[in-house]
Amino acid sequence: MDLDSLYQDVILDHYKNPHHKGEPSGEFKVHHVNPSCGDEITLSVTLTAGQVSDVTWNGVGCSISQASASIMSDLVVGRTSQDAFAILDEFTSLMQSKGTLVGNEEVLEDAIALSGVSKFPARVKCALLGWMAFKDAAIQNGAKA
Amino acid sequence: MDLDSLYQDVILDHYKNPHHKGEPSGEFKVHHVNPSCGDEITLSVTLTAGQVSDVTWNGVGCSISQASASIMSDLVVGRTSQDAFAILDEFTSLMQSKGTLVGNEEVLEDAIALSGVSKFPARVKCALLGWMAFKDAAIQNGAKA
Amino acid sequence: MPTILDVASIKRDFPIFDEKMRGGRRLVFLDSGATSQKPIAVLDAERDFYSRRNAAVHRGSYFLAEEASAAFEGARQIVANFLEVRSDEVIFTKSATESLNALAVSFERTKGVLNIGPGDEIVVSELEHHANLLPWQQLAKRTGAVLKWFGMNPDGSLDLSSIGSIITPRCKVVAITHQSNVLGSVPDLAPIIAAAHAVGAVVVLDGCQSVPHQPVSVEDLDVDFLVFSGHKALGPTGIGILWGRYELLEQMEPFLYGGSMIETVTMTDSTWAAVPKRFEAGVPNMAQAVGLAAGLTYLKGVGLANIHQHEMELTKKTLDGLLSIDGVKVIGPQDTKNRGGVISFTIDQLHPHDVGQVLDQYGVAVRTGHHCAWPLIRKLGLMGTTRASFYLYNDDSDVDVLLESVVAARDYFRKR
Amino acid sequence: MPTILDVASIKRDFPIFDEKMRGGRRLVFLDSGATSQKPIAVLDAERDFYSRRNAAVHRGSYFLAEEASAAFEGARQIVANFLEVRSDEVIFTKSATESLNALAVSFERTKGVLNIGPGDEIVVSELEHHANLLPWQQLAKRTGAVLKWFGMNPDGSLDLSSIGSIITPRCKVVAITHQSNVLGSVPDLAPIIAAAHAVGAVVVLDGCQSVPHQPVSVEDLDVDFLVFSGHKALGPTGIGILWGRYELLEQMEPFLYGGSMIETVTMTDSTWAAVPKRFEAGVPNMAQAVGLAAGLTYLKGVGLANIHQHEMELTKKTLDGLLSIDGVKVIGPQDTKNRGGVISFTIDQLHPHDVGQVLDQYGVAVRTGHHCAWPLIRKLGLMGTTRASFYLYNDDSDVDVLLESVVAARDYFRKR
Ligand SMILES: Cc1ncc(COP(=O)(O)O)c(C=O)c1O
Ligand SMILES: Cc1ncc(COP(=O)(O)O)c(C=O)c1O
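Chains as they are written, first to last, in my numbering: chain A, 9 to 153; chain B, 9 to 153; chain C, 32 to 447; chain D, 32 to 447.
Don't take each hint at face value.
To be verified - Here are the simulated BS3-like pairs of lysine-lysine, each with C-alpha atoms no more than 25 Å apart in a straight line:
1. K308(C) with K106(B)
2. K152(A) with K127(A)
3. K308(D) with K127(A)
4. K133(B) with K29(B)
Keep in mind that the hints were calculated from the coordinates and are not lab data.
With the rest of the complex left out, here is chain A (with noise of 0.2 Å):
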């Protein structure tokens, strides 16, 4: 079954024990929404000297989002905004690849599970929620994209 590749247990993991999961206190505090189902998330960022020093969010949505939200904190911070966006990069090819890719595992680290869910063009945006409230957080931070 299909299934199993979508949830790897890595996903239900994280879903179950979000990492970064919290009330956002940074400055900077976006809220994005997926409008067709209702998820939504809320993320701040904080940059030190060009590092992402911290990310916390706070949201409802489905395992994916949920899981790819953590992710993506434990990926990004301890980086420079610049890797952190490099990543991002190649999770978001990785997404819309609809199954063709299958995603540098040196860069992805953890985010290589959700690989997955390309095949399930509706779940590509949940998987992506995170993300998008990471990058638009971090450029409001001065962040360059």
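Given the coordinates of chain A, assemble chains B, C and D with the ligands onto it according to the supplied hints.
What follows is chains B, C and D with the ligands alone, placed relative to chain A:
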């Protein structure tokens, strides 16, 4: 060719020499248009003691609309408004019959020549333009429909 | 279970059921609340129009134009017969959404009693689809009118306890759904309509979820306007209906301006054609009108009362099934009273998207999320629901697959 | 006469040409200016959508809904490629008429530079179809804006002599046709567009008569918005396009409110989705979008430049023929300069309706009357014209029948 059944000589005669055409001067003057082609008619009716004593009309339009207004005027002048409306009803049924009715020549006289119009649905409105204007003006004049 | 409809033979009229879903599964289509599937009769009617009668209606006097006009006006007559109304009261729009927006904008532009301006009140309910909330909400914002609404009870009915303070003499319009597209619940309309008319307000009924599924009489309901969408009634996409009482339509300003809706035009001024043309600017959606007429004819052939009874049998079986599955909650009416064939439910703490994904593996097509009725979902304190909705082409075995897949969804996430 | 198109083979793609007209005559369809005929590819694309991929787009996460969304968004991409624009700048409406009304209403509702309010100026021309006159005329009346226009010369060109007093710094919008639907004349747009942009106004181009018939580049023309109708471009009825520059669309308020165009909704407030969804409320005209994409693909296959050249050859032959018939007057441009394949003419003092009736006996389908451009007809002092308009499926023999029937019409009424 069907065309001759549509454009009978009576029609072209009335078209070339329309009766009761002139500047409408009665008190109750109406202006009707056929918006799909832009044909227009202005028409006034004078009622004297329940009788149609005068109809005057002016306007632009195709041979069918002009001839029909002319024939109608001949028919209704000198009648009681009830009789005029009865003729109008007879004529309307004939026009809407899609070629299935022949029409009562006793009642319709020259207007029988318009019976071919009923086979050309797009032209029915042309034939009815003057008649509808008459009805409208007569009702405004106090005649009962 | 015996049923009143011969679903096997109905299914054969709908080519989509020959398609294979993910994993080669057959299609268990339980999303007719969103859009219906199309019988061959509808596809053929549209194709026939394009292949044999296509020309711009009302504008040419040549043979094809006459044929096209006859087809288009014939379609209007079929819709009118279906609704048991006058054919010049039937307006073709592109969708129920457009029909509702058209009313809101026309009321804004119309002078006189129908005008909506500062201080006037508009009443809706918490059950409404966005299409019957936003046009009124935004109209109120633009004009200074006041938007009021009936609250929803947890069982999906409306709280009518303060009807007297909701519908006041300042009320101009009550716009309300005939059936919730989320919960399937049918609000108690009679007192609302009576109260509206008592204060001289007009009543707009959103019939999207009722007209395709059961006999609906505007006469018996005593409403002033009715809207529904063609694509939910076996018809093509891109067509909706706006019905209104002639005496009201006659007073109303156009919504769209352009060709075929005018009487006279100069550079600075225009006057309008009679109803219904006044509300059909431009070359209309001719083929879609003809297609919708074919769809309604098909529905009439099967019988609306039969369709309703059939759907209620499926609804009963589904409710019984869902209510007996541990972890599953039915949202809204728990039995078949005051409801139609639309059922919302949740499973454990699962997000509806995740539920839908598992169901999809079984070929089950359901809608998940807020169903374009976000205020209703918020009121229930949910993130969304999973919604199954029935139509004439569904049968018992569809319900069986649904129930099987619901259990599978629960277990898939429970065990991990 | 040799032509660049293989019309015989093109005609075979259009089932309507198998039909018999009055008296068993073949169809000589010269009314593509009103609506085009449909190739099998378009009929098949729609049917395929309904039979294999039909579900509500953007709302479901099941297999069919994914297929439907892919088809719909794929269609958007095809339209975008056709226009050589970004796909998120392409908005599906129900018609050009709706597209133009949408702009007028959106400008009314939008705050900021795009807003149209008291004292603002809107510029059109005397060439306009009602669809590109009335929305602006009525917008001016509602808001207190001022409607101004370029006058038309007898040859169908625009009088640009007082351009500086027509387009002033108070001008917000210039809405103008790319080609007259009555006379076929193509106004000199470059100075108008330059003047509009010089004062910061936006330019709306009515491409109904150009986009289906020739290569049109919004880049080269430097316009800000473009509209056209699907049904005139081989596509289904019930679909139109509104293209706009993203930076402008982004600032604009919605035209219709409902499902799928929102970001968040409460009972009292809403925010809007990104462009283009913001402008596509409700379940969209999915099958029509897919059908239009097939139509545009067909046109691209034949080649827009080829189609234009072909039509101009037919136009030349027709002009030569008409101008040599005693009693016939060509209205508008007398030669092939600055015009497209639309020709208006009159015969003696005959009313166009009577002319059209005779032509109909020959199987010739032409439009007669004011062609939804009444101010233009009045300006010319006419009661209307007879209009022949060409497309890729017309050939020399169609012109021959037209000319023969024109002589017959003249003689039929002359001799009596
Ligand atoms: C120049 C022009 N503009 C606008 C329109 C309106 O198009 P539609 O009726 O398809 O909305 C037409 C066609 O009727 C046209 O020829
Ligand atoms: C109750 C209700 N109202 C309005 C609508 C809007 O219909 P459409 O999207 O076809 O315009 C829908 C369906 O989406 C509905 O279910």
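Consistency of the hints with the structure:
With a C-alpha separation of about 22 Å, the suggested pairing of K308(C) with K106(B) holds against the 25 Å cut-off. Distance restraint check for K152(A) and K127(A): the Cα-Cα separation of roughly 31 Å exceeds the 25 Å cut-off, and the hinted pair is therefore not satisfied. Proposed proximity of K308(D) and K127(A) is supported: the alpha carbons are some 23 Å apart, at most 25 Å. Among the hinted pairs, K133(B) with K29(B) is consistent with the structure: their alpha-carbon atoms are about 20 Å apart, no more than 25 Å.
Hint check: a violation occurs at hint 2 only; the rest are consistent with the structure.
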